[in-house]
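Asks: The residues making up each chain are set out below.
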Amino acid sequence: MARASKRHKTAAARAFPQLKKAPSGIAGFDEIAGGGLPAGRPTIVCGGPGCGKTMFAMEFLIRGATEFGEPGVLMTFEETGDEMSRNVESLGFNLPSLVARKKLFLDYVRIEPSEIQETGEYDLEGLFVRLQNAVESVGAKRVVLDTVEAIFSGFANVGMLRAEIRRLFRWLKDRGLTTVITAERGEGTDLTRYGLEEYVSDCVVSLDHRVNDQISTRRMRIVKYRGSSHGTDEYPFLIDKKGFSVLPLSSIRLEHKVSKDRISSGVKDLDAMLEGKGFFKGSSILVSGTSGSGKSTLAAHFANETCRNGKRVLYIAFEESSAQVTRNMRSVGINLGQYIQKGLLQFRAWRPTQHGLEMHLLRIHDLVDEFNPQVVIVDPITNLISANLNEVHAMLIRLLDFLKDRKITAMFTTLTTNRGAEEQTEVGISSLTDTWILLRDLELNGERNRCLYVLKSRGMAHSNQIREFVLSRAGVHLLPAYLGSGTVYTGSARLAQEAREKTETLREQQRVEEKRKEFSARRNVLESQIAALRSELSSGEAEFARLIRRRNERQQRVALDREEMGKMRGVTPANQVVNS
Amino acid sequence: MRTPKVKAKPPKAPATGGATNATLELRLYVAGQTPKSLIALRNLKKICEEHLQGRYRLHVIDLVKTPQLAQDDQILAIPTLVRNLPQPIRKIIGDLSDTQRVLVGLDVRPETT
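Keeping their order, the protein sequence lines are chains A and B. With my numbering applied, the first sequence closes on residue 921, and no number is skipped along the way. With my numbering applied, the second sequence closes on residue 150, and no number is skipped along the way.
Treat each hint with caution, since some may be false.
Subject to a maximum C-alpha distance of 27 Å in a straight line, what follows is the list of computed DSS-like cross-link-like pairs (lysine-lysine) [to be verified]:
1) B:K102 / B:K83
2) A:K514 / B:K83
3) A:K361 / A:K443
4) B:K83 / A:K443
5) B:K82 / B:K102
6) B:K102 / A:K514
7) A:K582 / A:K514
8) A:K858 / A:K843
9) A:K652 / A:K683
If you are wondering where the hints come from, they were derived from the structure by calculation, not from laboratory data.
Pulled out of the complex, with its shape left as it was, chain B reads as follows (with noise of 0.2 Å):
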């Protein structure tokens, strides 16, 4: 598996609950520094702090540096969040501002305590 340019979180315990317990695997595609890319990945941290606690490994791909992947993962919009893990794959584009659509685009039930 390509794990190019990595900026992530490692796992951390197990989780406590949420709609699946198996671990998401997300990647953030950006393309350079731009302030969409910033916005989404602001807005992203913050959802996974949330409600994703332990339960997500995040990449951040920067297409600037690994433009190839942007061809192998079909990518096209930017910001591109895409959940890798579990099957199957999902989408979610632009800056992530929507938690809630952000959270049903996972598949993640949001966790209420």
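Next up, chain A with everything else stripped away, as it sits in the complex (with noise of 0.2 Å):
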């Protein structure tokens, strides 16, 4: 019955009282890590040179101190307190004023082989007493210990150190204080170099510096966490002057507001296609298309409609400069610098080899905090698919979470080479898009045209048809598109084919002049001959009547003339035959 409703409520494990956390401050590390590391226990963070581990520590224990109300304690084996107080001063921290505040207790161990003698059994008591002392000193709840194993290569009695180091973490642990404790990598699979996590067995943190391609990145995971739920990938993080940062929010969430509001994308004409309002705002939109196909002058003519109406805008370029792509834009009729100026686009324009892909994101990352754009357009972000695509796949994702938390618009661009790779590349990031625009190239009769269309956007009846999208020095403009005898029709062939139909029509029409003008001859024809006709029947009727007015009168003067000659001989004229 127990076990039961524990398999339940496995689910909803968050609202169980968890292990507690104390944050580390660490821009998205506590997200991954469920809170923080675990309070009161030690952590051990292990990796190879230069991988950020002390780095990781120093956050740690900084933040604790300047955000947290917990003061620390710094043991260092292999940096001085100066060395170490220069090396964060880059990332803005100040470690003596830290001290002199008692917020933090700074205790470089010095170790030198060379100058002691062992003779006979010893113990480490003067660690515990030195950092009794420096935990008492400034009430700690944190302390570091980077790095611990240096005391390996200072004493040869490794039975002793190995009892003495799980001597100390449990000295830690009874003492609840949270530690963080950097240990070198191992070789081949070992986590550290002396087996440290033996004995830490609470929370275990990888991180990982490699060169893929000339690129370096930085990777981290969270090996082991007991008694808590935490995210388990490597998770690319980063060093630079902020410090350190987890890449950049995790992407477990899906709980962004959205917005009913529109955006125009700059085009009419294509506004029209997207219920004539456009993209909704913090949405994102995929523009992919081959190249030379207009992505960019449609990106940029977001950009410029957006600063139109007074909003910021931030570009970033990977293939063009700045200043080049105001130039082109100036052949489209748009004129982006007047913003630049006015401070409304802020251009960035890097190459994409020249980071690793986190580099990238926590760049855009830092600009967008910094500028606080309402859109922001990546042009194009093909080229960061340099290698691997899943990874690309997990940074868009975590960009576009970002933007889509801070209802940002976000324009991407794809470059898509050819008709069957095209498919992969898109289907890897236009799922996470709201809106897709396609752009493609129709090449026929020795010519390509321009084609567009939304082949998805979610959220709204959007018009499915292939529009041609034609340049000028007027900007974009989107033909109507031509539905002529069940194909789509561009360019010249387009021009062709409305011809052709002219003609035809011309055609047609001379051809029906031409019928009613043969056709009237024929009836002036028809009724010439008619009245021929008629006058040649008129002409017989009368020929006809006086043959018969003629007999008559004959008849009438052959019996006149028998009544005369009857009168003469005095005989009536009865039986007698006339020959007419």
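Build the complex from these two chains, which are given one at a time in their own frames, with help from the hints.
Replies: As structure tokens, then:
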């Protein structure tokens, strides 16, 4: 029964009163670690040289002292307090001031094997005395030991050292000190060179600094976290002028507030395709197309329109410099320079190969923090897809989450190469975006023409038409879809088709005209024939009438003649036959 | 110079021989009355009396009482014997049970008479 209920609740494990956490204050880390490091327990941070172990530990300590009211003790075995102060100075941390204000206690443990002679038994009680003194003098809640393994180089008695380290960790735990112990990565699969993870079973964080294709990337992973749920992936992280940051927010949450407001794309005809209103504010737009299909131009229109409305735009270009883009966009009638001057448009151009993925992400992150834009344009995002699509995918998710969280409308352009490979890249990222505008080149009759269509746009009834996309000095226009006889015509083919249609109609008209003339001529002929016939007929009739009249006259005359003859002969004209 | 908890032998008459004529300034760091510390102290006293008659000064420092000194003097192992003078500083850790090593560590040639 208890078991059942427990299983029931694991789904909502977060609701459980969990292990107490000590927030590290390191951007992004606390989210992955479910709140921070285990409070009152030791954590091992391990990794190779230069991976950022010390930075992690320092930030944990300093943020604890400055932000969480937990004074700390820093015990270094490799660098002196001065060196340490200088190291973190660049991050804006002032160690001497913290020390002076009793927020921090520095103790540099110098181990010089050449000075030391061993005779007989000893232990490391001195270390405990120092630690105790340090903890008491500032009332420390946090301790950093960097790098405690150094004692292995100073003393010969390894058995004793191991026993002492075990005792040390016990000691720290008993006093409820949240401790970060840094350790060098061991050979092969060993997490640490001296197997310290054996003694610390609460939390182990592994840092990694690797170089892929000449680009360095830093990764972090929580190998183990007893009694707590945690992100198990490898997370990219960065160390820059703001310190240590794990990138940049976890992608666990999907709780962005959505907006019903619209933002114009800057191209009227395109807005018309999107319910006449444009994109949703805070949505993400993917513009994909082959090279030269007008992606950047579309992006520039969007930037232009947004700036025209007095909103800020961050334009990140990976291919062209700011000057180049502004010059080029002048050719389509867009003057971005004025907005740069007004401070509405911030252009950032850098080479995609300049940094690893996470550095890109963090730079964008930082720029957004600084500039607080309403629109971010990344042109093109494809250039980041150098090696691993999965990484890009992960990065994009993070970036999109971050931007959505801030209700920033994001437009990414992607370059698609040829028909086969394009699907893959696009599928990789297109599912993440809300609106997907596809630019296509249609090759027909010896020319290329640009076509545009809205492949998807979440949450609106967008047009399904393929429109011809024309770049002119006056900007982008979308010609209405030519719906001829079932096919889409573009460019000159479209003109040809239109001309063809025109001549066709003309010819038809001419034909009708001809027919009409022909017919009227024919009618004239026929009518004249009819007239002729009619006159013939009437002349026939007249003759016939004359004939009859003549015959009648003759008959009358014959009759008269007979009468007169009869009169003369005295005979009545009976039974006489008259030949006519 | 700090001389907190001092349990010293006053310097005696000038030395009659040895590697160096200079007076050795020795400090033994312990942390409370632990068995190891007691053994070390006993061993040290013995060595001093046998080999360093009159040319040493010894301070025993209990870090439990003056913990700050552990940091100031870079003490890690307990017990630690430090030769502060003459320079350079030398450290001998352990219970000092090996007399020869202690003497080598202190750079003192054992007296052979």
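Asks: It remains to establish, for every hint, whether it holds in the given structure.
Replies: Results of checking the hints against the structure:
1. Among the hinted pairs, K102 (chain B) with K83 (chain B) is consistent with the structure: their alpha-carbon atoms are about 25 Å apart, no more than 27 Å.
2. With a C-alpha separation of about 40 Å, the suggested pairing of K514 (chain A) with K83 (chain B) is violated against the 27 Å cut-off.
3. This hinted pair checks out: K361 (chain A) and K443 (chain A) have alpha carbons roughly 25 Å apart, not beyond 27 Å.
4. With a CA separation close to 44 Å, the supplied pair K83 (chain B) and K443 (chain A) exceeds the 27 Å bound.
5. Restraint check for K82 (chain B) and K102 (chain B): satisfied, since their Cα atoms lie roughly 22 Å apart, inside the 27 Å limit.
6. Between K102 (chain B) and K514 (chain A) the alpha-carbon distance is near 24 Å, which keeps this suggested pair within the 27 Å criterion.
7. At roughly 33 Å between alpha-carbon atoms, K582 (chain A) and K514 (chain A) are farther apart than 27 Å, so this suggested pair is violated.
8. Proximity of K858 (chain A) to K843 (chain A) is assessed by CA-CA distance (about 23 Å); at most 27 Å being required, the pair is judged to hold.
9. Between K652 (chain A) and K683 (chain A) the alpha-carbon distance is near 11 Å, which keeps this suggested pair within the 27 Å criterion.
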